[in-house]
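There are 2 protein chains.
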Amino acid sequence: MIKKIYKANILYTKERGRFEILENGCVAVDADGRVTDVATDLTSIDCGDAEVVDFGDRLLVPAMNDLHVHAAQYRNQGIAMDLELLPWLQNYTFPEEMKYADTGYAGRMYRRFVRDLWRVGTMRACAFATIHTESTRVLMRLFREAGMGALVGKVGMNRNCSEKLAEPVERMVQGYESLIAEFNDPHGLVRPIVTPRFIPSCTPGMLRACGELAAKYHLPVQSHLSENRDEVALVRELEPESTCYGDAYDRYGLFGQTPTVMAHCVFTESEEMALMKKRGVMVAHCPTSNLNVTTGIAPVRQFLDEGLRVGFGSDISGGHNLSIFKMMVYAIQMSKLHYQRNHARSFLTLSEVFWMATKSAGSFFGRVGSFEPGYEFDALVIDDCGLNFDDYSLPERLERFIYLGDDRHIERRFCRGREIPEP
Amino acid sequence: MIKKIYKANILYTKERGRFEILENGCVAVDADGRVTDVATDLTSIDCGDAEVVDFGDRLLVPAMNDLHVHAAQYRNQGIAMDLELLPWLQNYTFPEEMKYADTGYAGRMYRRFVRDLWRVGTMRACAFATIHTESTRVLMRLFREAGMGALVGKVGMNRNCSEKLAEPVERMVQGYESLIAEFNDPHGLVRPIVTPRFIPSCTPGMLRACGELAAKYHLPVQSHLSENRDEVALVRELEPESTCYGDAYDRYGLFGQTPTVMAHCVFTESEEMALMKKRGVMVAHCPTSNLNVTTGIAPVRQFLDEGLRVGFGSDISGGHNLSIFKMMVYAIQMSKLHYQRNHARSFLTLSEVFWMATKSAGSFFGRVGSFEPGYEFDALVIDDCGLNFDDYSLPERLERFIYLGDDRHIERRFCRGREIPEP
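Going down the list, the sequences are from chains A and B. The working numbering runs 306 ahead of the 1-based position in the first sequence. The working numbering runs 306 ahead of the 1-based position in the second sequence.
No lab work stands behind these hints: they were computed from the structure. C-beta: ideal position from N, C-alpha, C; glycine also. Do not rely on the hints blindly, as some may be mistaken.
A few chain A residues that face chain B, going by a derived Cβ cut-off under 7 Å, partial list only [stated by the list, open to error]:
id	residue
1	Gly384
2	Ile385
3	Asp388
4	Thr655
Kindly generate the complete structure, drawing on both the sequences and the hints.
Listed below in structure tokens is the structure:
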């Protein structure tokens with residue numbers, strides 16, 4: 307039964323490369339928070355006694371999904387941005403993550419992190435926490451209290467790192483099981499995601515245990531893949547029997563046996579691409595991080611041409627910007643650099659990156675990221691009146707908001723049909 | 307005589323590559339708006355009866371300088387960003403510029419443009435207007451009323467464009483002289499700058515007339531240089547006697563005979579670089595525009611190594627972001643892409659890009675862009691308390707503001723010693 311009908315200027319992407327545009331359209335949402343109808347006017351909808359909420363001239367778009375973000379690097383967002391990867395990890399990232407042994411510190415930081423995600427209009431996230439079970443629980447509870455969707459990963463790592471950030475395999479498994487016990491609802495908005503940091507940080511035993519956890523509890527998996535040439539070479543040494551980095555994860559049941567998202571894929575080549583396609587592995591494209599950490603440009607156009615699933619990650623704090631709208635801007639810009647060198651592959655368009663950020667990325671969380679009937683109503687109301695004061699078309703208004711706008715223009719946020727107040 | 311003493315956490319760059327950091331420092335400003343002293347405490351300054359203004363824990367930094375911005379493309383900022391250069395010029399840029407035949411339209415748009423520059427903390431700009439003398443006058447008056455510094459260019463163009471945007475040479479000269487008559491003070495904050503659009507848009511007669519205007523009235527010059535491979539090839543055809551694009555300007559007296567700034571320089575090579583160095587021509591590096599318009603990455607590290615003068619341009623609306631702080635971020639990122647391909651040239655650091663945006667770019671406007679004694683006091687007060695709530699160092703606070711901050715954090719703005727209210 308329809309519970310609410312929202313009226314506004316509606317924009318979303320059913321297909322890659324084309325906006326659906328409903329000027330003064332309406333979207334009907336049922337009591338479960340799912341879209342039942344989307345139409346240009348009310349007369350085509352059986353409204354019953356549904357409440358009609360009119361957002362006037364505002365824009366209504368699907369909410370953002372962040373497929374790769376390190377919640378525990380919140381404090382380092384936007385600092386030490388002119389270091390290279392290794393000194394940055396050693397001097398900033400790892401020391402910061404150690405602080406999360408203290409659940410009090412974790413609570414203060416994670417509270418701000420969740421609020422900032424809310425501000426930028428991200429209603430679903432795949433987040434890395436740290437190795438610390440109780441701090442990870444704090445983050446999961448904060449997401450649950452906020453009413454936002456999140457797959458949260460207690461990080462598995464036990465080699466090539468400071469002792470304080472290494473956890474024995476058994477303790478990692480126990481920690482996961484204790485989180486699973488609290489967050490065991492497969493329909494819950496907040497769930498655990500199995501999170502081996504990446505192959506160089508995990509012994510074969512750790513990777514095996516992660517794969518077993520994913521299989522046993524049917525949990526999704528997230529990690530890093532082919533971010534950096536040296537890393538790719540190191541994985542080849544560490545896992546000599548694997549045909550590529552992705553294959554190494556695959557051998558441990560961590561590459562699409564359950565829903566899997568891999569961040570970066572800057573140096574992913576044809577064989578890895580083929581395996582990702584076969585396994586339905588999602589790419590989390592993190593363009594700002596790839597620039598800041600001096601890794602390069604992921605071949606996103608090629609991923610799309612090959613039929614791979616692709617969404618965006620802010621990758622705080624390799625990335626400095628938490629807004630997925632700004633990831634769209636950077637993704638277009640990076641693809642233009644590719645294009646400038648090789649005109650054989652056209653650059654990404656606005657409707658393509660919008661689709662990546664919404665319907666494509668959203669599919670990792672279920673039926674999320676579109677306003678088609680059956681989709682969960684995750685939405686943002688954009689009040690662009692201070693930004694677009696002139697006679698712009700609806701797609702131009704959206705483009706201006708994406709390029710120039712910020713959290714000031716996001717007036718309301720919905721996740722699974724429920725309006726989400728500031729956490 | 308010292309008129310005001312400002313106390314705050316002061317950061318500026320005397321030299322490229324190093325921040326001067328004065329925790330709870332003070333800067334003394336005289337009645338002409340020039341810095342007389344900058345020190346870590348008041349005791350070393352002969353204060354007389356100067357008023358002391360204490361900004362507490364806030365940051366005080368030099369204001370921003372924008373060396374290349376098309377004021378008349380204000381309405382197109384952040385739209386049509388997935389077009390290539392030619393359809394973008396034909397369908398968006400030129401039709402928009404034609405509207406400025408109407409001074410009423412120009413007034414409405416330019417008023418917003420000046421206000422937005424103010425918002426992002428840019429106190430000095432080299433701005434392109436259009437061919438229209440009276441609309442250009444409107445923009446110059448708006449800058450003068452605001453109290454902000456600007457070199458404003460009525461655009462010279464008379465070929466390869468719509469008839470409505472071509473102006474005969476004589477009319478161009480008359481127009482300039484009428485603007486010079488009103489804005490003839492060499493110490494004025496607002497002055498004309500000779501502005502041939504670029505060589506493909508100007509006949510030899512137009513270029514010659516521009517060079518003569520610059521020489522006769524000792525006016526600075528701005529234009530575009532080596533932005534795009536096809537453009538460079540076209541200039542070679544149009545000016546076959548020139549040894550490079552820059553040399554073509556040089557032959558018309560438009561390349562450093564008077565102070566000259568050239569935007570882009572993406573494809574500037576050794577000969578052009580040598581000529582720029584010899585003539586003291588300033589590069590306006592426009593990283594977002596170069597990405598959006600699919601041109602490439604300017605060799606900024608090489609410019610600096612060669613001793614060229616370099617500052618930043620937002621290049622609205624090829625660029626989408628008016629904030630010079632964000633140009634710093636993009637410049638570092640672009641230089642990292644260069645670095646990733648060729649480790650022989652290190653990437654730009656934060657203090658280097660800050661110096662480029664302030665002391666280096668500011669030198670185009672006089673003694674602007676530093677807090678050293680004798681410099682005009684162009685400054686921003688940054689209230690970062692909502693952004694940097696934690697125990698960050700002063701350089702980290704500044705870096706966080708540059709990467710994450712926006713106009714909400716800029717609390718006060720000064721140009722030549724005077725506080726500038728919202729225009």
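To see whether the hints hold, each was checked on the structure:
1. Gly384: OK, holds: A:Gly384 within 7 Å of chain B, min 3 Å.
2. Ile385: At 5 Å from the nearest chain B Cβ, A:Ile385 passes the 7 Å test, so the hint holds.
3. Asp388: Since the shortest Cβ distance to chain B is 5 Å, the answer is holds.
4. Thr655: holds, 5 Å
Going down the numbered hints, you'll see the structure goes against none, and every one checks out.
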